[in-house]
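K.L.:
Residue numbers (the working numbering), protein chains in the order written: chain A, 1287 to 1602; chain B, 210 to 304.
A portion of the hints provided could be inaccurate.
Dumping the calculated DSS-like pairs for lysine-lysine here, alpha-carbon to alpha-carbon at most 27 angstroms [as the list claims (entries may be wrong)]:
no.	chain 1	residue 1	chain 2	residue 2
1	B	K301	A	K1454
2	A	K1432	A	K1397
3	A	K1297	A	K1323
4	A	K1501	A	K1292
5	A	K1443	B	K249
6	A	K1501	A	K1310
7	A	K1345	B	K225
8	A	K1570	A	K1382
9	B	K249	A	K1356
10	B	K286	A	K1443
11	A	K1297	A	K1454
12	A	K1432	A	K1310
13	A	K1323	A	K1528
14	B	K249	A	K1382
To be clear, the hints were calculated from the coordinates, so they are not data collected in a lab. Here the structure is a predicted model, which is why all the values come from computation and not from measurement.
Here's the letter readout for the chains.
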Amino acid sequence: MDVQEKTYEEKLAEFEARIARGEKIEPGDWMPDEYRKQLIRMIGQHAHSEIVGMLPEGKWIPHAPGFRRKLTLIAKVQDEAGHGQLLYRAAETLGKSRGEMLEELLDGKAKYSNVFNYPTPTWADVGMIGWLVDGAAVVNQRMIAKCSYGPYARAMKRICFEESFHIKQGQDLLIKMVNGTEEQKQMAQESLNRWWYPTLMMLGMPDSDSPHLGKLKRWGVKVKTNDELRQEFVDLVAPQLKSVDLHPPDDDLHYDEETGHWKFTEPDYDELKRVIKGDGPCNKERMEARRKAHEEGRWVREALAVSKRKKEVPAA
Amino acid sequence: MNDTQLPIWEVFHQEKRGAPHVHVGAVHASDEEMALRMAKEQFARRLECVSLWVVREEHVVRTNYDDPFFFARNTDKRYREVHGFPAPLKGKHSE
Ligand SMILES: [Fe+2]
Ligand SMILES: [Fe+2]
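Sequences are here, hints too, so could you generate the full structure?
P.N.:
Right, here's the structure in full:
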């Protein structure tokens, strides 16, 4: 039996059977081109989101109220840089280099999460990003940890472990504010008003607008649909927020005894499309900041490139 | 111009003395020292760690998932295993 002689249909059948058995696909395995491209696109966008995601909250590092909050925020932002690197590496195992992906990001050709194109005018936004944005990210990433591509699923396990700290620090920060002065409480509520719908959008277009969903599910690229993830997220955070007297800006938000789920108003998906395409409140600012950082880091990369000293590393 | 594509190093992480080094992922680095430092930042930031190994990716020799023969066990190899022998006597040897 020679593997080369199998037809495309036979290989595809084996590939789908492996996924149906719950086995992972590993680098070097045969896979349909469409599967490879879809994953490169998804993992690349995910990586870019981690990198750009450092900007809205990173700008608060110099202004953090107190040393402990500052250390916490630095640690969180460093985690996001690490997530970006883990993800670029996972995408590389499918045949696209990190250099190529970074170039696409800097050239403005790559997409990343809508949610990082919104402004962070107050300190409460740092907490809201932790609670809501990292909260939605975890709902999504817990699903990806079960996806069919081994390196992506493995990276997610590590990332989810760190995300729980991100959520915790955000909740802690906001609960302090809610129990503070009237002004602080109002600042927290206004931040929720700003972030609620962008976070709901973050989980993607509605299922009715996802033409390839069937195949993505069969191939284990998606294990749940966007609408399922969004419902899971609302069911999780709506009661949490209400328990500390924070109220999402949705008059129709209520618990439905019959279904056991929270009913909510869908976000404006046209806004999502616009922001993803580059026309959000901060897209330009984010890309400029990223390019500036890239330029300012050039001397470091040049220094690293020439420091290829041979050094003895003790053997095992 | 692309100056961001550094060589890839596979990273092996040992949680405590006596534990095996386990593959945890990879980093990009220009030399051994940078690879170890990146590995420490990436994989030993939270988890306990007493030792890290980094190995240039191209130095790792791999089997092929598609090779149907490499791991095939088509002869009876029970003579290599404990359950290939009749019922044991009472009492266990220490492991
Ligand atoms: Fe992250
Ligand atoms: Fe995070």
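K.L.:
Evaluate each hint against the coordinates.
P.N.:
Here is how each hint holds up against the structure:
A distance of roughly 49 angstroms separates the Cα atoms of K301 (chain B) and K1454 (chain A); the hinted pair therefore is violated under the 27 angstroms criterion. This hinted pair checks out: K1432 (chain A) and K1397 (chain A) have alpha carbons roughly 23 angstroms apart, not beyond 27 angstroms. For the given pair, K1297 (chain A) sits about 17 angstroms from K1323 (chain A) by alpha-carbon distance, which is consistent with the 27 angstroms threshold. For the suggested pair K1501 (chain A) and K1292 (chain A), the alpha carbons sit about 22 angstroms apart, so the restraint of at most 27 angstroms is met.
Distance check on the hinted pair: K1443 (chain A) and K249 (chain B) sit about 18 angstroms apart at the alpha-carbon level, within 27 angstroms; holds. Between K1501 (chain A) and K1310 (chain A) the alpha-carbon distance is near 17 angstroms, which keeps this suggested pair within the 27 angstroms criterion. Between K1345 (chain A) and K225 (chain B) the CA atoms are separated by roughly 37 angstroms; this puts the pair beyond 27 angstroms, and the hint is violated. As the CA atoms of K1570 (chain A) and K1382 (chain A) are separated by approximately 26 angstroms, the hinted pair is consistent with the 27 angstroms bound.
Our distance criterion of 27 angstroms between C-alpha atoms is met by K249 (chain B) and K1356 (chain A), whose separation comes to about 22 angstroms. This hinted pair does not check out: K286 (chain B) and K1443 (chain A) have alpha carbons roughly 37 angstroms apart, beyond 27 angstroms. Our distance criterion of 27 angstroms between C-alpha atoms is broken by K1297 (chain A) and K1454 (chain A), whose separation comes to about 45 angstroms. Simply put, K1432 (chain A) and K1310 (chain A) have alpha-carbon atoms about 9 angstroms apart, close enough for the 27 angstroms limit, and the pair holds.
Using a Cα cut-off of 27 angstroms, the hinted pair K1323 (chain A) and K1528 (chain A) is violated, with the two alpha carbons roughly 41 angstroms apart. For the proposed pair K249 (chain B) and K1382 (chain A), the alpha carbon gap of about 25 angstroms is at most 27 angstroms, so the pair holds.
Checked against the numbered hints given earlier, this structure breaks hints 1, 7, 10, 11 and 13; the rest are met.
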